[in-house]
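Chemist: If you want the building blocks of each chain, they are given just below.
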Amino acid sequence: MNILYDERLDGPAPKLDRAAIRDSLAEAIPDMLLLHREEDMRPFECDGLSVYRTLPLLVALPDSLDQIQRLLQTCHRLGVPVVTRGAGTGLSAGALPLEHGVLLVMSRFSRILEIDPEARIARVEPGVRNLAISEAASPYGLYYAPDPSSQIACSIGGNVAENAGGVHCLKYGLTVHNVIKVEILTIEGERMTLGSDALDAPGFDLLALFNGSEGMLGVVTEITVKLLPKPEVAKVLMASFDDVEKAGNAVGAIIEAGIIPGGLEMMDKLAIIAAEDFIGAGYPVDAEAILLCELDGVEADVDDDCETVRRVLEKAGATGIKQARDDAERARFWAGRKNAFPAVGRMSPDYYCMDGTIPRRELAGVLKGISDLSERYGLKVANVFHAGDGNMHPLILFDANREGELAVAEALGGEILELCVRVGGTITGEHGVGREKINQMCAQFRPDELATFRAAKAAFDPNDLLNPGKNIPTPARCSEFRTIKSAADSAPAAPQG
Amino acid sequence: MANATTPQDHDASAALAERIRQAAAEGTPLRIVGGDTRYFYGREVKGNELSTREHRGISFYDPVELVVSVRTGTPLAELEATLEEHGQMLPFEPPRYGEGSTVGGMVATGLSGPRRPWAGSVRDFVLGTRVISHEGIEQRFGGEVMKNVAGYDLSRLMVGAQGSLGLITEMSFKVLPKPGATHSLHLELSLEEARLRLAEWGREPLPISAAAWLDGALHLRLEGGPSSVEATRARIGGDDLDNGFWTALRDQRLGFFRGGDAPLWRLSLPHRAPALDLPDIDEREMIHDWAGAQRWLRSDLDAETLRRACQSAGGHATCYGPRPHATEPFTPLPELLLKYHRNLKAQLDPKGLFNPGRLYAAL
Chain A
0 MNILYDERLD GPAPKLDRAA IRDSLAEAIP DMLLLHREED MRPFECDGLS
50 VYRTLPLLVA LPDSLDQIQR LLQTCHRLGV PVVTRGAGTG LSAGALPLEH
100 GVLLVMSRFS RILEIDPEAR IARVEPGVRN LAISEAASPY GLYYAPDPSS
150 QIACSIGGNV AENAGGVHCL KYGLTVHNVI KVEILTIEGE RMTLGSDALD
200 APGFDLLALF NGSEGMLGVV TEITVKLLPK PEVAKVLMAS FDDVEKAGNA
250 VGAIIEAGII PGGLEMMDKL AIIAAEDFIG AGYPVDAEAI LLCELDGVEA
300 DVDDDCETVR RVLEKAGATG IKQARDDAER ARFWAGRKNA FPAVGRMSPD
350 YYCMDGTIPR RELAGVLKGI SDLSERYGLK VANVFHAGDG NMHPLILFDA
400 NREGELAVAE ALGGEILELC VRVGGTITGE HGVGREKINQ MCAQFRPDEL
450 ATFRAAKAAF DPNDLLNPGK NIPTPARCSE FRTIKSAADS APAAPQG
Chain B
0 MANATTPQDH DASAALAERI RQAAAEGTPL RIVGGDTRYF YGREVKGNEL
50 STREHRGISF YDPVELVVSV RTGTPLAELE ATLEEHGQML PFEPPRYGEG
100 STVGGMVATG LSGPRRPWAG SVRDFVLGTR VISHEGIEQR FGGEVMKNVA
150 GYDLSRLMVG AQGSLGLITE MSFKVLPKPG ATHSLHLELS LEEARLRLAE
200 WGREPLPISA AAWLDGALHL RLEGGPSSVE ATRARIGGDD LDNGFWTALR
250 DQRLGFFRGG DAPLWRLSLP HRAPALDLPD IDEREMIHDW AGAQRWLRSD
300 LDAETLRRAC QSAGGHATCY GPRPHATEPF TPLPELLLKY HRNLKAQLDP
350 KGLFNPGRLY AAL
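Those sequence lines, one after another, are chains A and B. The letter at position 357 of the first sequence is residue 356 when you use numbering that gives the first Met the number 0, and the numbering goes up by one with no holes. The letter at position 333 of the second sequence is residue 332 when you use numbering that gives the first Met the number 0, and the numbering goes up by one with no holes.
If you are wondering where the hints come from, they were derived from the structure by calculation, not from laboratory data. These numbers come from a predicted model, not from an experiment. Cβ atoms here follow ideal geometry from the backbone N, Cα and C, with glycine treated the same way. Incorrect hints may have been included.
Derived pair list, reagent style DSS-like, types lysine-lysine, alpha-carbon separation capped at 25 Å [said to hold, decoys possible]:
(1) A:K367 to A:K484
(2) B:K338 to A:K180
(3) B:K177 to A:K170
(4) A:K367 to A:K379
(5) B:K177 to A:K314
(6) A:K229 to B:K177
Which residues of chain A face chain B? A few of them, derived with a C-beta cut under 10 Å, are [unchecked claim]:
(7) L173
(8) H430
(9) A450
Using the sequences provided together with the hints, build the complete structure.
Modeler: Shown next, in the form of structure tokens:
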């Protein structure tokens, strides 16, 4: 099934005259940068999931609130869809443009408006990079906790749109747990504040609803996040295992011992070899799996916990346990993990990153299932895993230049996600649905549940102008998805790569 | 997985769905009730009583996964006792207003206790929910995993919505191990000094998990590993305090909450908000919980004046009673925000079946 916007499955697209809309926008907002030439718009044709590309109708680069407001009012009046884009690092094609829509680029809103060390908050514009917040807070001994792997480049506005996670979620939460207030503009250009500087606000928790809403309910124009005191120390243990299942069980055993590590990551053999080859992190290349366990907090507690974890890992059958001796070695251990995606990218012309989350107890079975699927589809899969919170990132290796291989990778990816749903998990832990997983939403939710999602959307955007076609599939798409699935289930042969 | 079943466990979701379909057919609103211990928290609802009490039991608990799913008619005490057996807890310390308090009431009101500023609130620990829609169909959003961004976050939206968007039948939570060590302290300090100290400590990674100023003293709770709790205790000084103080504060059983005829107000403010600009109010007569972010006040002051002062300090004020409320219990919403609340209510509950008017007259 086509991932790009398909009127037959995603609903009729408005028939729009580019020149007329350009004129209307230029008239309403003469001082706004508006791109319309193909060569100028080309860099915006995709986000971090670059296999899907669409040239937008127009690209708007406002630099004031007033410009966004007038842009939305004009688009609302003319019935023009609006796709909002942050830094464009998203991995689910959530910011994939529409041929019949204006791409609203927020990158010029990159000011940190306020760091208040007494209140322990930062007030920032949506285009501010995730890491820039922690850097600005650092002189005060504070930092912003959620740290997606793309934190050097991704914007906080995009983080809110996707409810981004990272490697420290189990202990410190997702974006939704760390944002206290947002300023938004509705599709009609109305300004609203959700949340507050206090710890709660009257009425419905619309702040929670907006986190992870993929730019489909409103446009976020300002974000207040909470800052945390930097932990006194962080220490990391690396354990090797000769069996993936033992590594999986060790994760449960650590948590059973009453310890919530700051980070708890797992990599399988293929990912270990790729990372070691790329970074030289000191990983044991003969291991079937490694666990990285970071413990942070007050030094005395961390030392006690390191001892406990070491005992647990030994009992769980680790073949080797290494504690980083200093911050440099600790950084090296993490560098291997944080660069796992590009490392795997060096082994293969292309890779496709999945984002399913499963109950941890299902890990061994799911890894076995992925390995079987990998064999059946004839594509290798490397596994990188936020083990502490059950969020898996299988990386499917493929070559887009080989005819049909992208389609095989997509089909394999789809099956991995459906496997996650079958064991009680979800198709996306932190990357979002976007366009990428639009079909698998039909596997995770029933038609009536999807209708409830659409009802929530209609409360804010009844004409479906904000990022249409993302996140929530239409009944037509799901009905086709189910037809194809049931045909495939009854067919005897599996596709070959 | 832990076995957490009891003889009272019962899945009444089919019967509840049937009641909702009936109500929808007749167009009669429903007053949703669990233990009815939080009756005072909100406006009065006129409707046929729909009780969740028969729908009870822990349907899933896996301490290793840190996940528990529980039917909303389950007594909160039963859930907490089960977690306790496995050394775990609901980190947000929901207040209990009596033995009848249910999980559904906890979620619907979304109230959290002393640990809230450090650990998070009820909604922060919600992973998923089952809700019976206005059409009488049980729907599932979120799930039993730590991270889940498939679709809109309707699970967390239900927290604090007072049942006005659908009948919550089950909730899944993230739970955490209880801390290894706990020690409470009593420090004689003026309110001003306490505020300065808390601001300073707040920027350090100290194992503080509760801080309340009342009766001329700062009450502090330290939680964490035994080593850090002991080191912090030695550094901060003060007298030892019975840990039971926090239970009494959490469940509003301190003398402050019992005495007086004047209405009880909960002021939610930025923790470093200065004293309110109200000449008639002495801040030293309030309880400053949550390191100053939640202040309890008994006052006859008119609601509008009090709310204006709270709003200009960046917060809001909720009236806890006594009933009947002389005023709106919750701070009125700005017109535009109310419009989108009404839109959402109209979309998810078009016939106005679920607790109409409980939060605001227009919802």
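Chemist: Could you run down the list of hints and mark each one as holding or not?
Modeler: Now for the hints, and whether the structure bears them out:
1. Between the alpha carbons of K367 of chain A and K484 of chain A the distance comes to roughly 22 Å, so the proposed pair stays at or under 25 Å and holds.
2. Between K338 of chain B and K180 of chain A, the direct Cα distance comes to roughly 19 Å. Compliance with the 25 Å bound is thereby established for this hinted pair.
3. Between K177 of chain B and K170 of chain A, the direct Cα distance comes to roughly 14 Å. Compliance with the 25 Å bound is thereby established for this hinted pair.
4. A hinted pair counts as satisfied when its Cα atoms are at most 25 Å apart, and K367 of chain A with K379 of chain A qualifies at roughly 13 Å.
5. Proximity of K177 of chain B to K314 of chain A is assessed by CA-CA distance (about 23 Å); at most 25 Å being required, the pair is judged to hold.
6. Distance restraint check for K229 of chain A and K177 of chain B: the Cα-Cα separation of roughly 22 Å lies within the 25 Å cut-off, and the hinted pair is therefore satisfied.
7. Interface hint status for L173 of chain A: upheld, as the beta-carbon distance to the closest one in chain B is roughly 7 Å, under 10 Å.
8. Because the smallest distance between the Cβ of H430 of chain A and any Cβ of chain B comes to about 7 Å, under 10 Å, the interface hint for this residue holds.
9. At a threshold of 10 Å, the smallest CB-CB gap from A450 of chain A to chain B is about 9 Å, leaving the interface hint in force.
In summary, this structure violates none of the numbered hints.
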